[in-house]
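Protein chains: 2
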Amino acid sequence: MKAEIIAVGTELLLGQIVNTNAQYLSRKLATLGIDVYFQTVVGDNPSRIKQAIEIARERADLLVFTGGLGPTQDDLTKDVLAAYLNRGLSIHQPSMDTIEQMFSSRGIHMVESNRRQALMIDGSSPIENEAGLAVGNGLTEDGTHYLLLPGPPREMKPMMEGPASDWLRSVLGSEEPLYSRLLMFAGIGESSLEAKLIDLIEAQSDPTIAPYAKEGEIAIRVSTKAPNETEATVKLDRTVEAIKQRVGEFLFAQEEITLEERVVQLLRSSRRKLSTAESISGGLLAELITGIPGSSGEYSGGVVTYTNEMKHKLLGIPMAQLQGEGAPGAISESTAVMMAERVRQIGDSDFGVSLTGVAGPAQAEGQPVGLVYYAVAQRGKPTAVFTGHFSGTRAIIRIRAVKAALYQLWLKLKEE
Amino acid sequence: MKAEIIAVGTELLLGQIVNTNAQYLSRKLATLGIDVYFQTVVGDNPSRIKQAIEIARERADLLVFTGGLGPTQDDLTKDVLAAYLNRGLSIHQPSMDTIEQMFSSRGIHMVESNRRQALMIDGSSPIENEAGLAVGNGLTEDGTHYLLLPGPPREMKPMMEGPASDWLRSVLGSEEPLYSRLLMFAGIGESSLEAKLIDLIEAQSDPTIAPYAKEGEIAIRVSTKAPNETEATVKLDRTVEAIKQRVGEFLFAQEEITLEERVVQLLRSSRRKLSTAESISGGLLAELITGIPGSSGEYSGGVVTYTNEMKHKLLGIPMAQLQGEGAPGAISESTAVMMAERVRQIGDSDFGVSLTGVAGPAQAEGQPVGLVYYAVAQRGKPTAVFTGHFSGTRAIIRIRAVKAALYQLWLKLKEE
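Heads up: the sequence lines are chains X and L, in that order.
Per full-length UniProt numbering, the first sequence starts with residue 1, numbered consecutively.
Per full-length UniProt numbering, the second sequence starts with residue 1, numbered consecutively.
Honestly, the hints are just simulated from the structure, not real lab data.
Just so you know, not all the hints are guaranteed correct.
If several chains are the same, the list does not tell them apart, and a pair holds so long as it fits within one copy or across any two.
Keeping only pairs whose Cα atoms sit at most 20 Å apart, straight-line, the calculated EDC-like set for lysine to aspartate or glutamate is [said to hold, decoys possible]:
1. Lys-414 to Asp-35
2. Lys-28 to Asp-79
3. Lys-225 to Asp-97
4. Lys-225 to Glu-141
5. Lys-214 to Glu-130
6. Lys-214 to Asp-74
7. Lys-414 to Asp-142
8. Lys-412 to Asp-199
9. Lys-157 to Glu-176
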């Protein structure tokens with residue numbers, strides 16, 4: 001089944017809010033095996049809403065609306081769709097009772113316009129809204145299905161988790177569900193990964209192989225429709241195995257997690273601790289790790305040493321290492337090694353990770369923008385040090401360098 | 001001028017990413033006086049991209065595309081639009097040179113597909129991409145304007161801030177221009193700020209007053225269309241003055257900068273330095289400061305002390321302060337004060353800022369989630385300490401706490 005998501009609301013067109021509903025609904029529909037071919041955003045304007053319906057009606061079997069079910073004059077979705085389908089609107093008494101009850105229980109006078117939230121398009125099924133007052137509508141005409149949901153995510157999501165999904169399953173009938181696997185990669189660029197898989201990607205039909213890149217990470221989703229999980233598993237296993245044979249060394253997870261989440265998982269399961277010493281990345285590595293709930297068990301802390309003095313005072317690195325005639329300097333392999341080793345010792349941790357380099361815009365110590373030395377120190381093992389050349393803006397260089405360091409840490413954790 | 005934003009990418013239809021580009025572009029186009037009537041999302045499919053172009057062509061004067069300019073087989077935007085307009089595609093040599101230079105400087109073999117990123121539709125103007133390899137395109141045919149931008153926000157936004165806006169202004173031509181002022185607020189919640197301005201906002205017609213909230217910061221844009229800058233200035237000045245009289249104490253900037261950028265500006269102009277000691281915020285404050293180009297002159301560094309041992313070893317805070325019968329504990333006003341003072345001394349800085357508290361999801365030391373103590377130490381002045389109660393997710397609590405601490409630092413810098 002082909003779906004189109006139509007978000008109604010001028011606030012979206014003004015950029016006042018982000019259309020997170022479209023993402024949530026797209027994911028939710030995918031898990032039901034429904035393909036979303038278009039997402040549309042239209043303002044609170046009757047003729048443009050009608051136009052969006054006409055277009056979507058031509059190219060989709062299912063139109064999922066969010067927004068425009070509220071009490072105000074700007075909430076037009078039901079009115080416009082009813083007019084388009086030549087149907088009337090009637091009060092849904094159970095919803096009306098709920099609205100009246102709510103107002104009387106709170107001792108507030110009910111404004112007449114609140115009755116609008118109980119309206120249903122004639123011939124539609126009610127989609128109950130437990131978190132708000134606007135009842136949802138589901139209806140089918142001439143083989144096209146229409147699902148109307150409110151805009152506020154805290155109302156829309158519970159409806160979609162329950163009664164709206166039930167309604168969708170009932171109209172889906174006998175279509176085959178979609179099964180998929182997610183593969184997460186790091187330590188390799190998007191174009192290099194694709195080059196290694198290009199024949200698989202180009203030959204794909206079933207299962208499909210869809211790569212998408214974030215900074216320093218690449219996800220590949222492998223999907224197939226099948227009558228049941230057993231048949232899906234056979235097809236998915238074959239494709240996933242073929243991908244793993246090519247690029248398995250870069251595969252850090254088979255679920256939707258970040259590289260830092262995977263690293264924290266492995267630290268946790270092996271009861272190890274991490275400390276960090278950052279120069280170029282300025283706390284970004286610490287921030288990514290501590291952004292993970294419960295990471296305090298795996299992370300003792302770290303330092304952000306943006307000056308030579310701080311590297312000396314906080315980490316005890318000799319000033320002669322950092323500056324002066326013939327000194328290796330702050331941006332050097334040997335300083336990266338010292339930073340990683342010292343912070344590991346101070347934190348009494350199993351691993352110490354360090355980064356030093358040039359994020360730009362200007363070069364530093366005569367070294368070019370994008371040059372980064374990073375090191376992984378490990379208790380009882382020799383310290384490994386790496387050189388990276390990263391391109392992009394200051395922000396991109398920082399995130400790529402941090403992901404590269406996390407990748408090396410992940411390799412060590414995986415080997416254990 | 002009526003615009004439609006067309007985001008190209010199957011990853012959006014699968015719900016793998018949120019279409020934040022549509023919000024950003026909608027706001028940006030509004031500041032140029034361009035009205036967005038529709039936002040469309042379409043997958044990496046040539047016939048559906050073509051269909052989206054045909055529809056948008058009918059209802060808009062300007063089509064702004066994001067996505068589909070990359071090197072892979074899935075990146076089709078230029079190809080499809082060129083075919084639709086019966087135009088060819090040619091290599092843009094300066095972009096090609098940049099791509100080749102990047103690969104050779106990093107000693108990586110350039111995959112042939114990377115050449116695709118230097119393609120331009122014949123007759124279009126190049127829109128330079130300083131943060132990535134895919135060159136943007138701008139062209140006009142039969143009164144319709146087409147602007148092609150890459151999908152990654154880190155590339156698209158700098159283009160839109162510079163060359164893409166320049167191109168748009170050139171095609172806007174003789175329309176009455178929009179003039180606007182941006183007012184940036186911190187230290188006050190969105191609803192409190194709106195409550196103080198509600199009569200101004202409700203009475204607005206010209207200039208318009210549009211508030212936008214981010215975590216810990218609120219922007220208000222005051223806009224008017226006028227034949228010339230002098231007439232616009234009179235109208236804008238009057239409204240801005242009225243807003244300042246109500247909430248001027250929270251106004252940290254009159255340009256699009258973040259609170260941390262403002263703080264770094266003030267540190268720079270007063271030749272002061274900052275150090276940070278973070279527990280709850282785990283490096284986020286350091287990361288925000290060091291994310292600003294050139295901040296190494298204003299920031300010596302800091303510590304992320306996620307354990308009592310690290311607070312003791314790195315900052316010299318006595319263990320008796322942190323744990324044991326009757327100790328104030330790590331999450332206390334007095335620990336926040338010590339952290340700020342010690343890190344200021346270690347960094348030999350003018351200011352030391354600290355944060356300690358509970359980000360959740362679980363409480364800590366018997367203290368509730370969202371409780372944060374933060375302190376600002378200043379050379380030769382008594383240390384100020386604050387208590388905040390923040391709500392939201394772990395990530396939101398962290399960013400709100402950091403912005404609250406930055407606000408207090410900004411107040412001190414402003415007073416000087």
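Status of each hint after checking the structure:
When the C-alpha separation of Lys-414 and Asp-35 is checked against a cutoff of 20 Å, the pair qualifies neither within a copy, at 36 Å, nor between copies, at 52 Å. In this assembly of identical chains, Lys-28 and Asp-79 lie within 20 Å of each other by CA distance neither inside one copy nor across copies; the values are 26 Å within and 31 Å between. Taking the closest pair of Cα atoms, Lys-225 and Asp-97 never come within 20 Å of each other, the shortest separation being 42 Å inside a single copy and 44 Å across copies. For a Cα distance limit of 20 Å, the shortest separation of Lys-225 from Glu-141 qualifies neither inside one copy, at 26 Å, nor across copies, at 42 Å.
Only between protomers do Lys-214 and Glu-130 lie at most 20 Å apart by alpha-carbon distance; the minimum there is 18 Å, versus 26 Å within a single protomer. Taking the closest pair of Cα atoms, Lys-214 and Asp-74 come within 20 Å of each other only across two copies (16 Å); inside a single copy the shortest separation is 33 Å, beyond that limit. Taking the shortest alpha-carbon separations for Lys-414 and Asp-142, neither the intra-copy value of 53 Å nor the inter-copy value of 59 Å comes in at or below 20 Å. Within a single copy, Lys-412 and Asp-199 get their C-alpha atoms no closer than 31 Å, and across copies no closer than 61 Å, so neither meets the 20 Å cut-off.
Neither within a single protomer nor between protomers do Lys-157 and Glu-176 lie at most 20 Å apart by alpha-carbon distance, with minima of 24 Å and 41 Å respectively.
Checked against the numbered hints above, the structure violates hints 1, 2, 3, 4, 7, 8 and 9; every other hint is satisfied.
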